[in-house]
Each structure stands twice: as C-alpha cells, then as structure tokens.
Amino acid sequence: MENLIALLVAAPLLGAAVLLCGGRRLDRAGHWIGTVLAAASFVVGAVLFTDMLGKGAEDRTLRQHLYSWIPVEGFQADVAFQLDQLSMTFVLLITGVGTLIHIYSIGYMEHDERRRRFFGYLNLFLAAMLILVIADNYLLLYVGWEGVGLASYLLIGFWQHKPSAATAAKKAFLVNRVGDIGLSIAIMLMFTTFGTFAFGPVFEATGDTSEGKLTAIGLMLLLAACGKSAQVPLQSWLGDAMEGPTPVSALIHAATMVTAGVYLIVRSGAVFNGAPDAQLVVVVVGAVTLLFGAIVGCAKDDIKKALAGSTMSQIGYMILAAGLGPIGYVFAIMHLVTHGFFKAGLFLGAGSVMHGMNDEVDMRRYGGLRKFMPVTFVTFGLGYLAIIGFPGLSGFFSKDMIIEAAFAKGGTEGWILGSVTLLGAAITAFYMTRVMLMTFFGEKRWQPDAEGHEPHPHESPKSMTIPMIVLAFGSVFAGGFFSLGDRFLHWLEPVTGHDHGHAPVSAATVTAATMVVLVIGVAIAWAMYGRRPVPAVAPRGSLLTRAARRDLLQDDFNHVVLVRGGEHLTRSLVYVDHTLVDGVVNGTAASMGGLSGRLRKLQNGYARSYAVSMFGGAAVLIAATLLMRAV
Amino acid sequence: MNPVNYLYLAALLFTIGASGVLIRRNAIVVFMCVELMLNACNLTLVAFSRMHGNLDGQIIAFFTMVVAAAEVVIGLAIIVSLFRSRHSASVDDASLMKL
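Residue numbers (my numbering), protein chains in the order written: chain Y, 1 to 631; chain S, 1 to 99.
Don't read these hints as lab results, they were simulated from the structure.
Be a bit skeptical, because a hint or two may be false.
What the hints assert, rightly or not - If we take Cβ atoms under 10 Å as the criterion, some of the chain Y residues that face chain S in the derived model are:
1. Gly565
2. Gly566
3. Tyr606
Said to hold, decoys possible - Stretch by stretch, here's where chain Y covers chain S in the computed footprint (C-beta under 8 Å, at least three residues):
4. 11-22
5. 88-94
Every residue gets a Cβ at the ideal spot worked out from N, C-alpha and C, and that includes glycine.
Next comes chain Y alone, as it looks inside the complex:
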C-alpha cells in the first residue's frame, strides 16, 4: 500500500509534463488527459483511504521513502512521504474537488484556444498541492509550497493578454514570496534548533526546546501561512487573483492554495502548543482577517470579489480555530473540508452565471436569474445555505464548532473570540444573502454590453452543472456526516489531539446565539436588497462602504507604507551612497592625486639631480653605518 503514495503525485505530475511538453498535437485530447489523470489520483487516494479505514487508529500512518535527495553528513533531506489521517483528508479534498473542477473546466474553457495548457497548469497545481500535504519533512513541504505558488501565478495570469491579469498574477506571486521567506526562515531555525526538519523528530524535540525558539519558529510559520492563506497583513493578492478564469478561483479558494496555510499550522501543532505567544498571534490574525474579509465581501459588486472576501473571512475562521490549539485543530480542518465543498460550489456557480451572462461580473447587472438558470440557482442556493450555517447543512456544523471552541478558550479571550466569530457569522449571513438576492432574485437588470450584445442567460452545459450538483451534495451532507457520532473528531484526533476546553456557555446556547445572528444578518440583507429594487448604479454609500469597496484601503496602505516607504528608503540610500560612500572614495582619490602631484616635482628629468639623490642616499647610509659602529 505504501508504494501507492507516490502515485498520488505522479499522476497529475505526469499530466502536467505531457500536456505542457506535448505541443499542439494534444490540443484535442488535452483536457481529457488532464481530467483522467486528476481522477486517477483521486482513485488512488480513495483506495488508500479504504485501506486506512480498515486499520486501527495507531497504525494508520503510511510512509514511503522515495529516495535520498541531499544525503550529506549532518544534513539529511529525503524525498519521503507520510500519509496520515490529516494528509488523507487533504488528499481526498484536493483530488476530489480538483477532479470536479477539471470536469467543469472542460465546459468552461471550451472556447479558449489554450485549453490544453490550462489543464497542464491545473494538473501542476494539484501535484504541487499533493506534495505539500503528503511530504514528511518541511523541506519537501517547501517544494510543494513553491510549486503551488508557481502554479497559482501561471493560472491567475492565464489570460495574460489582459494587463490586469498579468499584474494580478505578479502581485499574487510577490505577496506570496513574502510569506515564503517566513517558511524558509522557519526551516532554517528548525535545522539550527533541532538539527533536522523531518516532522517526526521535530515534533518529538519540541518538548525540550525553549519557548522563545518555538515562538520564533511559530511566528515564521504564521507568516508563511498568512501569505498562502491570504490573511492580514498579506491578504491583498486574493481579491485581484479573481482575474484568473473562474475554475482557477474555485481551485485556489476551495481545494488548494489558501488551505495550505491552515494545513501548515495544524501540522505544526506541536510547535504551536509549546508557544502560547505565537498561538495568540495566530488567533488575532484569524480574528482580524475574519472581520476584514467579511466587511470587504459586503461592499463588492463583483460577484467573484464578494466571494473572495468571503473566502478570506472563512479562512480567518480556520486560522482562528487552529490558533486555539488542540481545542480547535479538528474543527479548523473540518471547516476547511466543508468550506471546500460549498466554496467550490459557489465559485463554479458564479462561473456558470458569468458563462450565461457574457462574462459580466457586476451583480448590479444580474437580477432574476433563477428562472433562467434553475440548476445553477439550486446548487448555488444550497452552497449559500451551507456557508451561512443554515441548520442541518455543512457550514452549520463546522462553523458552530469553531464558535463553540472560541468560547471554550476560556477567560476574557474566549469571550472576545466568541463574540468576533458570532459577529462574523452575522456578517457572513448578510453578504451572502446580498449576493444571492442581487444575482437570482428581483427584477432583471442586465443591459447590452459595449458592443451591443444583449446577454441571453442560459443554463450551462452538463459538464459544468454535474460538478456543481456533486459539490452541492457535499455542501448539504458533509457537515452532518462528519458530526454524527463525532466521526471527524475520532478520525483526526490521533494526529492532532483534542481538548474540550472549558466552555463558559452550553453548546445549545451557542447554537441558539448563532441562529439569532444568522436571522439578523439575513433580515438586514433582505431589507436592503430584497424588499426594494437594487439600483443599477452603486450608491455612494457610507465611509465604511467606500473603504470596503477599496478592500478597506489595503492597496492604499501597501502603496503608502511599502511602495512610498521603499522609494524613500532607496532615495535616502542613494543619497548616502552619493555623499558618504562616494565622498570617501573620491576624497581618497583626490588626496592621493594631490600628494602625487607634489611628489611628481621630484622627477625633473635632469640626470644630475637624480645623481645628487643617489649620492645623498649613499652618504646617509654610510653615515648611518659609521654611527652605528661608533655606538
């Protein structure tokens, strides 16, 4: 069984290699090759999963040592895989949702002449993400981490002929680099502290390590997670990443990329458990991002950007839960999986709407689409109910658990975190209801585009609707399936550990409170967007709305602090270079020149004056010799 693990990665990697090197000959079959190989990876994952279920909880971890990558005395880097329950969960999510997105892309990218290349990139994305989650050491994880960064760059900028897409890809790549530096520093710190970066030895050694070092490693890991998972302060790339084709957005937001940060923190649980300060920072980052993303999501009229804000906020939930320590690890992953289902479904739904609306993304030009796109409406609607936490659907279970865990943190911290998560739930209900109402309800508001084409909303082809239906099933049932008898908890507990915490309020109270804020959020959204017609042009809005439309000034902040700051820094450095460094160098040269100008006078060209100096020198030497003798 162990030998199958490498196949998980090999299949999509082979797909990427064949599709990217195969050339035009594969144009007609490329999408099928990509999809079949992604599905093959899923099948391998499913086989391994069934095998794993048949074993006891202790010996479920599979290991495969592929080869020694850098075997040096005192520095051992292996290409070795470790498949435990946590990795398995990710493998199934990545390959499962990934395969559905592949199938969807067949229809969505049908008219794109570079479709083969697109599928090659998608396969590369899956392969990198799989390496990331099944690596058994941090260095190999880093390989996957960078691979994900590369694939996201290629996919976000897939329509590179649009300057905005090219810029967005560059932005995502650069912001991610900042996080990557965090991961590389963390790996270096691990190597100097523990002498290794393999998971097992590192986690064992954390018990004997000083808290300061663990905090440093934890904070660097958090920086890495912030980059990949779009958490404050490295969140700015996520909104712009919507420039990529919609299946890419679904892949980045649901199955790959943004989940990597959560995985990293949960995987490094042993490090964070020993560093309460780092955990506190994680929780704060999660809480801030949770509200940040939710507020941005409320103000966007672009359907994809509204969903992007929502992703940021939901990942904030997960990071917050992961920061709670053993109380929250399991729920972070559980929310991640259910979120994978409904967010992929929502994005694919959004893509389907755009597909039918001539790629219009402005929700103010939608309206009343439920009659034209019944399948999209129903699947999107189920995803919507799941994300706001409608009772019985996936999001209800997973989000509720996180809110309970936040309260269970105990003390003032618990109350603050609990309130933030509740507030987040209310805002989630508001902005998702807003998206739903603006898109599918009300009067039709679409207009002819610039070239005079009237959109004719229509249902998407089967290749697109079937993945949406499958994901809708996941959105509806996954949460309940996981929660019945604490299945998910028992599944992951051997890896992540679990602690119930000290809940100051009962679970029923938390659920009731969640329901109340949910109803409030939905009601406000209905009052604003359902009861009265939506204006086709966005009203000016309050100060907060206008700020949120500009992503709460994140880009302005980056511009003022980083771009301007950088410019000033370089200018002052140039000034110092010109005055100080050049001054020293030029001054030395000038004084040397002056001195040699004086010395030059000695060389007057008269043989007799040279002879004088010779005689003089000889006389001095003789005199000195005589003097020494006399003394």
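On the provided structure of chain Y, position chain S as indicated by the hints.
For chain S alone, coordinates are given in the frame of chain Y:
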C-alpha cells in the same frame, strides 16, 4: 711610503669625479668623471689589498676594469646616438622621461 696616502688620493679622485658628475653638463665629461670615480675605487681596492697582504682586492679591481670597459662601450654608444638625434651632448637636453 705609507699606503694610507693612496687612500687619500683615491678619496680626492672620487670627490673630483663625483663633483664632475653633478656639475658638468657635457655628457662626455660626465662620462669621464664616472670613469674617474671607478678608478678611484680601483685604487682603494688595490691599496687595501696591499695593506691586508692578500690578493682579493686586486682581483676585484680586475673585475671592475672589465665592467668599466663594457660600460664604456655602451655608454659611448648611447652618447653618440643621442648626439646624432639631438645634435647636442648636454645631459640636460635628454629629459624626456619627466612629465
């Protein structure tokens, strides 16, 4: 005769030669003064050889003469070619090596 007198004579000849080198401008004269200095040295060597009673100094004097002969050949050749190109035998005119 006291051999120290030879040393006095040699010192005198050397001083005359050295002043000639420093003072005169005619290359030929400077050259002759150099020869004078060399011969003063030879005289010193021979005188010391006699004073110490061995032949080392005399042998070195022979070497000096050989070297001086070679030097004369080269030196005169330089002076002649200088004169041909500049129509002057003044050492001050040959000052091309300065800036």
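Could you tell me which of the numbered hints above are not met by this structure, giving the numbers in increasing order?
1 and 2
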